[in-house]
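Novice: All chains, please: the whole structure from these sequences, using the hints.
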Amino acid sequence: MNIIVCVKQIPDPETPSSSFKVDEAAKKVIPAQGIAPVVNPFDPQATEAALRLNEADGGGKVTVISLGAESARDAIKHALAMGADEGVLLNDPSFDGIDNFQTAVALAKAIQKVGEFDLILMGRSAADWDMGVVPSGVGQLLGVPVVSVAKAIEKNGGSVKVERVLDDGFQTVEAPLPAIVSVSNEFGEPRYPQLRQIMLAAKKTVQIWSAADIGLGAEETGAANRWLPLEALYVPKVESNVEIIEGDSPEEKARNLAQKLRAAKLI
Amino acid sequence: MDFEPTEGQRQLRLQARALAARFDDAYWRQCDAGHTFPWDFYQAFAEAGWLGIAIPPEHGGAGLGITEASILLEEVAASGAAMNGATALHLTIFGLNPVVRHGSDDLKRRVLPEAAAGRLHVAFGVTEPTAGSDTPSITTFAHRDGDNFRIRGQKVWTSKAKESSKVLLLARTTPLADSPRRTEGMTLFLANLDPNHVTIREIDKLGRHAVDSNEVFYDDLPVEARDVVGEVGRGFYHLLDGLNPERILIAAEALGTGRAALRKAVAYAKERVVFGRPIGQNQGIQFPLADSYAKLQTVELLIRKAGWLYDNGQPCGAEANMAKYLAAEWGFEAADRALQVHGGFGYAREFDVERYWREVRVMKIAPITQEMILNYLGQHELGLPRSY
Ligand SMILES: Cc1cc2nc3c(=O)[nH]c(=O)nc-3n(C[C@H](O)[C@H](O)[C@H](O)COP(=O)(O)OP(=O)(O)OC[C@H]3O[C@@H](n4cnc5c(N)ncnc54)[C@H](O)[C@@H]3O)c2cc1C
Ligand SMILES: Cc1cc2nc3c(=O)[nH]c(=O)nc-3n(C[C@H](O)[C@H](O)[C@H](O)COP(=O)(O)OP(=O)(O)OC[C@H]3O[C@@H](n4cnc5c(N)ncnc54)[C@H](O)[C@@H]3O)c2cc1C
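Those protein sequences? They're chains A and B, same order as listed.
Counting along the first sequence from 1, when you hit position 221 you're at 221 in our numbering, and nothing is skipped either side.
Counting along the second sequence from 1, when you hit position 22 you're at 22 in our numbering, and nothing is skipped either side.
These aren't lab readings, by the way, just hints derived from the structure by calculation.
Be aware that one or more of the hints could be misleading.
Among the chain B residues that face chain A by a calculated CB cut under 7 Å, a handful are [what the hints assert, rightly or not]:
id	residue
1	GLN11
2	ALA48
3	GLY49
4	GLU271
5	PRO385
We treat Cβ as the ideally placed atom computed from N, Cα and C, and that holds for glycine.
Specialist: Given below as structure tokens:
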């Protein structure tokens with residue numbers, strides 16, 4: 001199959017809270033000093049799914065697309081090191097500060113420019129804003145079915161059979177190809193790149209497409225044209241206080257604790 | 001002059017960091033406390049092909065240079081794996097250098113692909129109770145037995161001997177008194193650690209507990225002639241070739257451990273509030289950390305230069321030695337400062353800096369002491385009279 005995988009580079013979710021800062025006036029996250037951005041943790045799982053599907057199919061091509069800063073090339077290189085074939089970086093000054101809907105528009109245009117595809121895979125959400133709307137947005141724009149939060153994907157002739165994760169179990173659905181599937185962490189560990197593949201991937205060139213290259217009009221991009229205007233961005237103040245639960249026996253302490261939690265409507 | 005790493009070196013650093021990050025401080029604390037070899041960690045790196053980083057492609061490796069290997073080991077150490085992690089890997093990475101450079105084709109074919117795949121563990125047996133810095137004084141002796149040899153003697157500090165099936169063993173084949181020069185008459189063997197002829201006794205030591213170091217007794221251990229590395233009588237010279245890359249890699253590990261300590265110290269100095277302000281706001285805390293930062297950045301440059309010289313076939317003795325010397329000094333200093341910044345908690349196991357501190361301390365002693373490096377620099381770089 002021709003599979004397109006969308007990957008995103010995000011600030012490291014392991015950043016200690018003391019290093020996480022936002023510029024409230026500019027409504028932007030300030031990159032943490034000395035902490036490099038990482039690939040969104042769900043995205044290598046999408047890449048893994050693509051590689052496994054093509055391995056099972058005995059061939060195919062995996063193209064990786066990322067929209068982001070110059071540094072997002074590393075997120076693409078990660079997928080190439082895992083075994084993907086080609087990479088495209090969507091990079092343009094006007095992409096700075098755009099929202100998820102604008103991202104979906106840009107990705108849909110880039111996917112159309114790539115041309116042939118049987119399947120598009122993405123992570124279930126990006127661990128920075130955690131909204132998970134880009135797969136549906138791209139599906140709407142391209143007019144193809146979207147199956148979200150997959151834990152297993154199987155090709156079945158001209159369709160894909162997908163196990164979706166639900167709160168209380170899972171659901172199996174089938175969608176005709178081409179389709180979009182977003183992949184969840186339940187899919188399982190992605191492979192770690194082999195040293196030789198890392199060195200080969202380092203030598204591959206990643207194509208860079210600007211807004212104009214994918215035919216994106218000025219009115220469709222730029223922070224000023226967000227669909228979802230950002231009103232305010234701040235780090236919530238977390239206050240904590242410690243209370244020692246008294247009691248003569250462990251049982252009594254447990255009872256007192258349970259009562260406190262119930263009074264606080266926590267259980 | 002080009003200070004830019006290649007795209008390959010950059011990607012390799014990111015990937016080594018990502019893989020090492022799978023094994024967190026809690027993992028290493030547990031390996032260290034339990035004196036257990038970090039098998040999961042070792043397997044992860046073996047499976048992804050990292051162990052053969054410096055082994056030629058025709059023998060199953062990736063054929064990269066010491067520069068790339070130094071980046072790998074720096075990142076492993078900097079992840080918090082420190083010396084427990086680095087030592088678990090580095091014996092395969094540079095221990096086999098004499099085999100790569102001087103081994104027969106038959107020996108290379110038998111040994112290198114297995115080592116690159118992580119299935120064969122080889123320890124390094126040079127130091128003896130009465131011969132550490134003064135290697136030519138070793139007394140372990142390989143007697144001729146027809147075409148083959150039998151080895152008798154005692155080694156000390158042989159790391160990872162308990163996990164290894166083979167040892168790169170230096171023994172005399174001509175007694176010191178009969179050798180034309182002190183550095184002649186020694187032979188390097190790739191011997192089997194055959195329990196019928198070898199007794200291994202673990203040494204209780206300060207740190208790096210996940211990887212054992214041992215006293216090893218050899219009781220007429222048979223070694224076939226085909227397991228001689230290079231030429232009989234030239235073993236010391238074959239070892240010498242591997243010393244510069246070893247020093248560069250050790251320096252990178254000390255740098256990485258120093259960086260792990262500094263990272264913890266900086267995070268703690270931002271968070272810990274004493275006398276109503278984060279302790280990092282006091283110059284008494286801030287300046288030593290800034291000073292260590294500058295030193296670690298500096299020693300990285302020296303490591304890169306030494307690696308570049310080696311990979312380009314140029315002499316690098318002075319640079320490799322200076323890199324090891326300064327990385328050990330400044331890496332330990334950074335760890336000591338990190339411990340201090342943590343106050344009482346620095347002394348507690350769960351904050352990890354005491355583990356880094358214990359582990360980076362060994363770099364001032366092994367594989368060569370700081371004093372012997374100063375001897376080298378004094379004599380060979382400054383032209384001062386030999387002092388010993
Ligand atoms: C954790 C650990 C792991 C090790 N792993 C291995 C291993 O796997 N394989 C192996 O073969 N060895 C190993 N070693 C041994 C290590 O290489 C030696 O400890 C080191 O070479 C120093 O030798 P020594 O201990 O005999 O010290 P000595 O040579 O006895 O030196 C003692 C002190 O005297 C100083 N000194 C000696 N001569 C001079 C001089 N001329 N001028 C000034 N000062 C001098 C030294 O610098 C040192 O401070 C390991 C050691 C440790 C601690
Ligand atoms: C083995 C051990 C046994 C102990 N036993 C006891 C005991 O029996 N009873 C007991 O009560 N306590 C005990 N302690 C606690 C010990 O007294 C404290 O650890 C010590 O007072 C330091 O306090 P702290 O750990 O909170 O460090 P912090 O006060 O958090 O200091 C952290 C770092 O910041 C520095 N710092 C703080 N403020 C400033 C400033 N204004 N300017 C410059 N630098 C600053 C400190 O010097 C230190 O380097 C013990 C500690 C240990 C490790």
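Novice: For every hint, state whether the structure bears it out.
Specialist: Consistency of the hints with the structure:
The closest approach between the C-beta of GLN11 (chain B) and any C-beta of chain A is roughly 4 Å, which is under the 7 Å cut-off, so the hint is satisfied. Against a cut-off of 7 Å between C-beta atoms, the interface hint on ALA48 (chain B) holds, since the closest Cβ of chain A lies about 5 Å away. Interface restraint check for GLY49 (chain B): the shortest CB-CB distance to chain A comes to about 4 Å, inside 7 Å, so the restraint holds. Hint status for GLU271 (chain B): holds, given a least beta-carbon distance of 5 Å to chain A, under 7 Å.
The closest approach between the C-beta of PRO385 (chain B) and any C-beta of chain A is roughly 46 Å, which is over the 7 Å cut-off, so the hint fails.
Checked against the numbered hints above, the structure violates only hint 5.
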